[in-house]
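Protein chains in written order, with our numbering: chain A, 1 to 280; chain B, 1001 to 1156.
None of these hints come from the bench; they were simulated from the model.
Every value quoted in this text rests on a predicted model; they were computed, and no experiment measured them.
For each residue, glycine too, the CB sits at the ideal point set by N, CA and C.
Careful, some of the hints might be misleading.
Said to hold, decoys possible - Here are the simulated lysine to aspartate or glutamate pairs, EDC-like style, with alpha carbons at most 20 Å apart:
no. : chain 1 : residue 1 : chain 2 : residue 2
1   : A       : Lys-70    : B       : Asp-1034
2   : B       : Lys-1031  : A       : Asp-92
3   : B       : Lys-1023  : A       : Asp-104
4   : B       : Lys-1059  : B       : Glu-1070
5   : B       : Lys-1031  : A       : Asp-104
6   : B       : Lys-1023  : A       : Asp-92
7   : B       : Lys-1037  : A       : Glu-89
8   : B       : Lys-1031  : A       : Glu-199
9   : A       : Lys-70    : B       : Glu-1118
10  : A       : Lys-171   : A       : Glu-199
11  : B       : Lys-1023  : A       : Glu-89
12  : B       : Lys-1037  : A       : Glu-85
13  : B       : Lys-1023  : A       : Glu-85
14  : A       : Lys-102   : B       : Asp-1099
15  : B       : Lys-1031  : A       : Glu-85
16  : B       : Lys-1037  : A       : Asp-92
17  : B       : Lys-1150  : B       : Glu-1110
18  : B       : Lys-1067  : B       : Glu-1055
To be verified - Only some residues are given here: those of chain A computed to face chain B with a beta carbon under 10 Å:
no. : residue
19  : Ala-69
20  : Ala-107
21  : Asp-150
Unchecked claim - Residues of chain A clear of chain B, computed beta-carbon distances all greater than 10 Å:
no. : residue
22  : Ile-131
23  : Val-179
24  : Asn-202
25  : Val-270
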Amino acid sequence: MASAELTPSEYIQHHLTNLTFGQHPDGSWGMAHSAAEAKAMGFWAIHVDTMLWSVFLGATFLFIFHRAAKRATAGVPGGLQNFVESIIEFIDTSVRGSFTAKNDMVAPLALTLFVWIFLMNLMDLVPVDWIPELAKLLGVHYMKVVPTTDPNATFGMSIAVFVLIIYYSIKMKGPRGFVGELALQPFGKFGMPANLLLEGINLIAKPVSLALRLFGNLYAGEMIFILIALLYSGGVFWSIFGGVLQLGWAIFHILIITLQAFIFMTLTVVYLDMAHQEHH
Amino acid sequence: MNINMTLFGQSIAFFVFVWFCMKFIWPPLTKMLDERKQTIADGLAAAEKGKHDEELAKKRALETLKKAKEQAAEIIAGAQKRAGEIVDEAKGAAHQEADRIKAAATAELEQEVNRAREHLRGEVVSLAVAGAGRVLKREIDAKANEDLLKDLVAQL
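Next up, chain A with everything else stripped away, as it sits in the complex:
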């Protein structure tokens, strides 16, 4: 275990640090070698591990589904096609259930969100030390493999969703309709400041809650896996206990990662549906 030469807090700290690429305060570009260095890079830095894993997982999803789509026949489906079809049917049904307007983008968007987030969450089930230790052997010091435990990733997605919400609100209701919705409800035009405050919070709460819910759940789950992993350095008894705990938590986590992916997708669809609806 890596914790042999680290204190528990250093071990946890190490596991929670992203591989960051950016500009050092002295002006040179490169990887950050510690959490403090990463912090010093400020906003103009990038989490290489988060980007790499999320893009890799997203590309895996697109690759598999694209293969299935290319070979899709209306005849007897093969194994891969069956699998892909069942996911498509599932997404299609749930989108039809909660999205009433007509927009060809929403169902593919929901599919992408669900499968992508599910895959990113799934990385949480990989034992916490495997990939970081492997990366260490390859000379990479930090490797956080679960992109959804990085608030940048969850906020990145929820901001994208937010942009779509604003875009479709304006497209469907016109700029006046959109501003009117913000300013003239629920108290009429004389309560405009109160309206703006309430509706503004309402609007901002959507992406924030989307991102924080996913991040919070996955971050907490990852944290528990790291704490369980700490048990392995405590002798035979604690190792066995830790093994049992890890198994139990992993099984429970299967539910959480699927549920969180589903919630993110469903709420996005619902928000987009609200963006398409005229307020009455």
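Please build the complex by placing chain B on the supplied structure of chain A, with the hints as guidance.
The following block gives chain B in isolation, referenced to the frame of chain A:
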């Protein structure tokens, strides 16, 4: 846990993925699913129609069979009647033929008898004349006694 450019990297990646999915993954798959749905619906409809057709055909076959049986029975009855008639006709014709043959034979027999009788009569006359001549020891003029002889012949 720093907020940095990763935020926008993720947003861009997300939009690219959604675009790709919307362009190359979702449409062919849903199109295929719709096609399959249509195929299945068509197949079910065809099966239903086939079943219906089969029932109709069965009914029609039964009707045809029944009609054919009736016709056959009719034909057989007609044929039997005709056969009876033919037999009767043949019987009648045979009777007639037999009667005719019998009548012809009877007539011929009578003719033969008559002819034989004529012949015998001639013979007897000659014998009688010869006998009488011998008895009278003289020639009897056959011409002179022709009336007599004829009378005799008539009596025979």
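Are the Cα atoms of Lys-70/A and Asp-1034/B separated by 20 Å or less? holds, 16 Å
Query raised in the report: CA of Lys-1037/B to CA of Glu-89/A, is that 20 Å or under?
Result: holds, 12 Å
Is it true that the CA of Lys-1031/B sits at most 20 Å from the CA of Glu-199/A? violated, 40 Å
Query raised in the report: Can the restraint linking Lys-1031/B and Asp-92/A be considered satisfied, given a maximum Cα separation of 20 Å?
Result: holds, 12 Å
Next on the checklist: Hint Asp-150/A vs chain B: min CB-CB distance below 10 Å?
Outcome noted: holds, 7 Å
Minimum C-beta separation from Asn-202/A to chain B exceeding 10 Å: can you confirm that? holds, 22 Å
Handout entry: Lys-1023/B paired with Asp-104/A [C-alpha distance capped at 20 Å]
Key = holds, 10 Å
*asked:* Minimum C-beta separation from Ile-131/A to chain B exceeding 10 Å: can you confirm that?
replied: For Ile-131/A, whose nearest Cβ neighbour in chain B is about 18 Å away, the distance exceeds 10 Å, so it holds.
Can you confirm whether the C-alpha distance between Lys-1067/B and Glu-1055/B stays at or below 20 Å? holds, 18 Å
For the pair supplied as a hint, Lys-171/A and Glu-199/A, is the alpha-carbon distance within the 20 Å limit? With a Cα-Cα distance of about 19 Å, the restraint between Lys-171/A and Glu-199/A holds, given a limit of 20 Å.
10 Å cut-off, C-beta based - Val-270/A kept clear of every residue in chain B | holds, 17 Å
**Asked** Does Asp-104/A lie within 20 Å of Lys-1031/B when you go C-alpha to C-alpha?
**Response** holds, 13 Å
Hint check: violations occur at hints 8, 9, 14, 17; the rest are consistent with the structure.
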